[in-house]
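Participant: Chain residues, written in single-letter form:
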Amino acid sequence: MAVGLPRRTLLQRLDLAAHEAAPAALTLVLVLVSFLPPLVPGQPGLLPSALPASVFFWTLYRPRLMAPPAVFGLGLVQDLLSAAPLGVNTLLSLLLHAAVLTQRRVLVRQSFLIVWVAFALLAAALLSLGWLLRSILAVAVLPPLPALVELGLVVFLYPAYSWLFIRLERSLAAP
Amino acid sequence: MIRVSVPVRQAIARLILPVLIAASFGLMLLGKADTVIVERARVALTDLLVPVYGVLSRPVGAVRDAIEAVHGLARLHSENARLREENARLRRWYDVAMALEAENLALRAVLNAPAEPTPGFITARVVADTGTTYARSVLLFTGPRHAVTKGQVALDQNGLVGRVSEVGSRSARVLLVTDINSRIPVRIERTGARAILVGTNGPAPRLQHWSESAPPQPGDRVVTSAQAGAFPAGLPVGTVRAGPGGVIEVELAADLDRLTFVRLHDFGLSGILPPEQVVPPRRRGGS
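Chains X and C supply the protein sequences, listed in that same order.
Take 1 as the starting number for the first sequence in my numbering and just add one per residue.
Take 1 as the starting number for the second sequence in my numbering and just add one per residue.
So here's chain C without its partners, still in its complex pose (with noise of 0.2 Å):
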């Protein structure tokens, strides 16, 4: 330890409140500057402590698995009621799926079309929700030696539920769509109109930039759109419902508030921007 004297001490305990006071704004600079150095601290404390919500994050789960057992209990009889008839509806559909997989199969033979390869996937567990006011991101445990890179698709077995935005040796972390800097490009699948779906922070994330000649009605489904070469089109994504004040919004169809695994797909599509690259859509139309 370094001697010094008494009064020096003390000037350096005077000063180093103001001293780190002034490091925060540098900080807040720096993060705004130099995205890349930030993003390397970041993934480095979540290597770091992945391991660790790893196995916090298993009792958690279990005591959550115990609450919607005894849940489940209270409502047997109707939701078994419930899926019966769910089970009856989805037969007729597995019948008209099949026979659809046979009629496609035989044109794509008389087109000489080929197969659309079906995309791989990789299942990480959900170890920490690193949701805040200000910002919604989960943390994936991915294990050393994974295939995840940035930019990699995240469903749960629903629907979307955002993308990889950050990628460590051990960790991923994964942008929810909810967030505020998250902006999707979607298709209203009725319309085949195209909107950004805008993350507010808030549940449901809201439509922005739809054609006046299409407006989304309450009940469409939206799926993704390829339209940026950032996601595959087609993903399932929710259904347009009217929210407060007359805005358009999304209720999502994967469960963000559950989330334990979630797949993550590579489709090989790499033409996507970092969100602070993205810059903020002028608002056009319904906000």
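Pulled out of the complex, with its shape left as it was, chain X reads as follows (with noise of 0.2 Å):
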């Protein structure tokens, strides 16, 4: 605990945790939640995933709450659910958080589409790397049109998480 400030009541401390909590455990569960069955019949089970969003979204807002020991968490439970090789989104997903980090104070002031935008770009920078590291790790060319795919979603996909975030944020800041 930090010197100087009043001593906190167990349930002050336990509030404090959950706030901080709050946004990863909101991304694990989005996490999870995408590797549900499909739930439309015939539609192949491809929500992407929520992690590049999150961290974009948090690491910009409120990076506290989306520290590096968690953005690893995060990629690991994704890495390891999917049977994927191991740490590539670890990466990914750590080296978004930095991207974010050093951009962060020009980036909060900016429009949201301007934020949507230096997303889009960040992602698109961030899978190419992905498609990149996994077929180094297959030793095979990947097919690149699934990884298109899969980016176009992403971003396409950005404002509805970002929206679910905002709302998680702003109950954050107004307790």
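Hints may contain errors.
Simulated coverage check for chain C against chain X, where a stretch passes if three residues somewhere in it have a Cβ under 8 Å from a Cβ of chain X [to be verified]:
#, region
1, 18–26
2, 39–53
3, 124–130
4, 198–207
5, 212–222
Derived by calculation from the structure, the hints in this document are not laboratory data.
Glycine is no exception: its CB is placed at the ideal position from the N, C-alpha and C atoms.
Dock the two chains into a complex; use the hints.
Facilitator: This is the structure in structure tokens:
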């Protein structure tokens, strides 16, 4: 506990912990939900992960609530569950986190549209890197089209996730 | 909590990101070098999560059934006509099958050949579709004290789905035939020629390494081959079709988009290799 502040009661500390864990917990739930069987029959269950959108949003607006260990843990869960090469999602998420941290001060004041464009550019760079890494790990050139489709979905769904995160962010700001 | 001075804490905070990035590279190497540890970690996590998925997938299944039911109502009439026609055709086949079975039994009796034992099976519910852009697999909720073993063959009501690649204490993972790591020895039923079914992560896996003298034709039925000792012969896989760019694809008989239950057959075959030990075959003939 920080020196000089009055000691908090147990309830206050629990409340604080819940606040601090809320963004990571919501993201974990979104990651887990994306692996449920597809709701619409015949539609392949390829809901893209909420991970890039979440890491981007929280690092941009509340970096303290999306610390590197949380980013790492979420990427690890995604990697372990999807049976894909381990470490790729953790690396990509951490790089996204680092990239947003460096541009935070500029981006945080911009309009939604510009933030969305920035997210699209970052997502394109990261998913390309992910495709490259997975190709290297698989020792084969993986088909690029599914990766492009994934990028499209990730970018396209950002406003929806962003809306959800803004709701949570507001409820955290005004307890 | 350990009390540390402010500068030390700041230093730790600044170091943690590079350390974790390095750890990610470490994980990639670990995944390549020691697949046993990684598999154990995966299995531990799926064992933990599979009861949650077991509960969550039920309402999803209910919604899916409801959507199917509404769709079904819309084409009730045409569906009925189709089923009547199919029923008539199948009844004829039923007669043929009964006659053949009787003949088969009679011939076996003459030859004193023992009937092949019918393999037993376990039915398991698919609770999570862990398919991503880069890997295709599903999670099964097997319940505790199951008899699922690695390498078992998974089928839906129509055909081959994949095989069990990881087994936990109450969960199992089935690597689908569409996964990019999936290699399955198959046989073209019409010619008897052998080939390898290669997953592409797309909906239709490709045929590779078929013999030049008997190329597969669109419409040919594809069944599994007992070639590598990994699969029993003759399980239905799908039909050959010409894909985009002239590649030979197989339209799967199994409906991988609507897996709710799979049958896990234990054919007592143990000559199976984990996908990471299967060397990707060199391209030859049709690609």
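Participant: If you look at each residue in the region 124–130 of chain C, do at least three have a Cβ nearer than 8 Å to any Cβ of chain X?
Facilitator: Coverage by chain X holds here, the residue count being 5 at a Cβ distance below 8 Å.
Participant: Please count how many residues of the region 212–222 of chain C have a CB within 8 Å of a CB from chain X and say whether that reaches 3.
Facilitator: With 0 residues close enough to chain X, the hint is violated.
Participant: Given as covered by chain X, does the region 198–207 of chain C meet the bar of three residues or more with CB within less than 8 Å?
Facilitator: holds (count 4)
Participant: Is the listed coverage of the region 39–53 of chain C by chain X valid when you require three or more residues with a beta carbon under 8 Å from a beta carbon of that chain?
Facilitator: holds (count 7)
Participant: Count the residues of the region 18–26 of chain C with a beta-carbon closer than 8 Å to any beta-carbon of chain X: does the count reach three?
Facilitator: Our answer is that it holds, as 6 residues pass the Cβ test (under 8 Å) against chain X, meeting three.
This entry does not satisfy hint 5, going by the numbered hints stated previously; all others are met.
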